[in-house]
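Our numbering numbers the first residue of the sequence shown as 1 and each following residue consecutively.
In case anyone wonders, no lab produced these hints; they're calculated from the structure.
Some hints here could point you the wrong way.
Lysine to any residue pairs mimicking SDA-like chemistry, simulated, CA-CA at most 20 Å apart [what the hints assert, rightly or not]:
no. : residue 1 : residue 2
1   : K156      : V124
2   : K156      : H130
3   : K133      : P158
4   : K133      : F144
5   : K156      : I208
6   : K111      : L100
7   : K156      : F127
8   : K133      : A109
9   : K156      : F91
10  : K133      : F108
11  : K111      : G101
12  : K133      : I172
13  : K133      : L164
14  : K133      : S155
15  : K156      : R106
16  : K156      : F136
17  : K133      : E118
18  : K111      : R122
19  : K133      : P117
20  : K156      : G95
21  : K133      : K111
22  : K156      : K111
23  : K111      : F127
24  : K156      : D121
25  : K133      : G163
26  : K156      : W99
27  : K133      : L171
28  : K156      : E77
29  : K156      : G167
30  : K156      : G131
31  : K156      : V88
32  : K111      : D121
33  : K156      : A134
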Amino acid sequence: MTDTLTLPLLRAGSNSGEGQSWLTSLADWTVSLMEIIGPVGAGVAIALENLFPPLPSEVVLPMAGLTASRGSFTLFEALLWTTIGSVVGAFMLYGLGRWLGAARLRAFAAKMPLLHPEDVDRTVAWFERHGGKAVFFGRMIPIFRSLISIPAGVSKMPMWRFGLLTGAGSLIWNTIFVLSGYLLGENWHIVEEYASILQYVVIAAVGIGVALFLYNRIRSLLGSRKDA
1 MTDTLTLPLL
11 RAGSNSGEGQ
21 SWLTSLADWT
31 VSLMEIIGPV
41 GAGVAIALEN
51 LFPPLPSEVV
61 LPMAGLTASR
71 GSFTLFEALL
81 WTTIGSVVGA
91 FMLYGLGRWL
101 GAARLRAFAA
111 KMPLLHPEDV
121 DRTVAWFERH
131 GGKAVFFGRM
141 IPIFRSLISI
151 PAGVSKMPMW
161 RFGLLTGAGS
171 LIWNTIFVLS
181 GYLLGENWHI
191 VEEYASILQY
201 VVIAAVGIGV
211 ALFLYNRIRS
221 LLGSRKDA
């Protein structure tokens, strides 16, 4: 278990700025969880991160590395349990996509303004062409790490293939950030700064993509009305 000084030292190191951010609070919670149930706690935290994308793995993973550097558990255990957590969380969303299925999503799209059942068909067709690369590399992109599991379930990607690609992509991503925490030690909050920038870039890209989609759909709708 983590020694009793770990959490206070983390707070002392991470509160050297003007205040405690929600990311720092998340880091404290992660360390507390690992204090209670060891490296399994890191796996639980990463599984939850998959289910709730706003929780950044870029903060949770360095905490596992930092705790491992203190000797509470080994680096191998940190990598093992965080990767298991990633796969378990991904399979939960895969199951959601499998349950929803293309037929339900088409029916949902038909009832939504600016969406059409054909949008679902195009998404499924795209995933069937590029699904393997999307799952593997998607595990290394914030937010998409979680969301990519749903179309994998909708398109019924074989579970063994999904699990293999998810595990491989997650292991690479997890290793980068667990090692950063392991090597940086008390300076782990450097990762937090870059993690925030990376997440904002992804959110901005998603926002631009959604805005372009809506613009083109509204433009198409207005054009069809003029023709009528």
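Worksheet item: Against the structure shown, which of the earlier numbered hints fail to hold, in ascending order?
Response: 5, 8, 10, 17, 19, 21, 22, 23, 28
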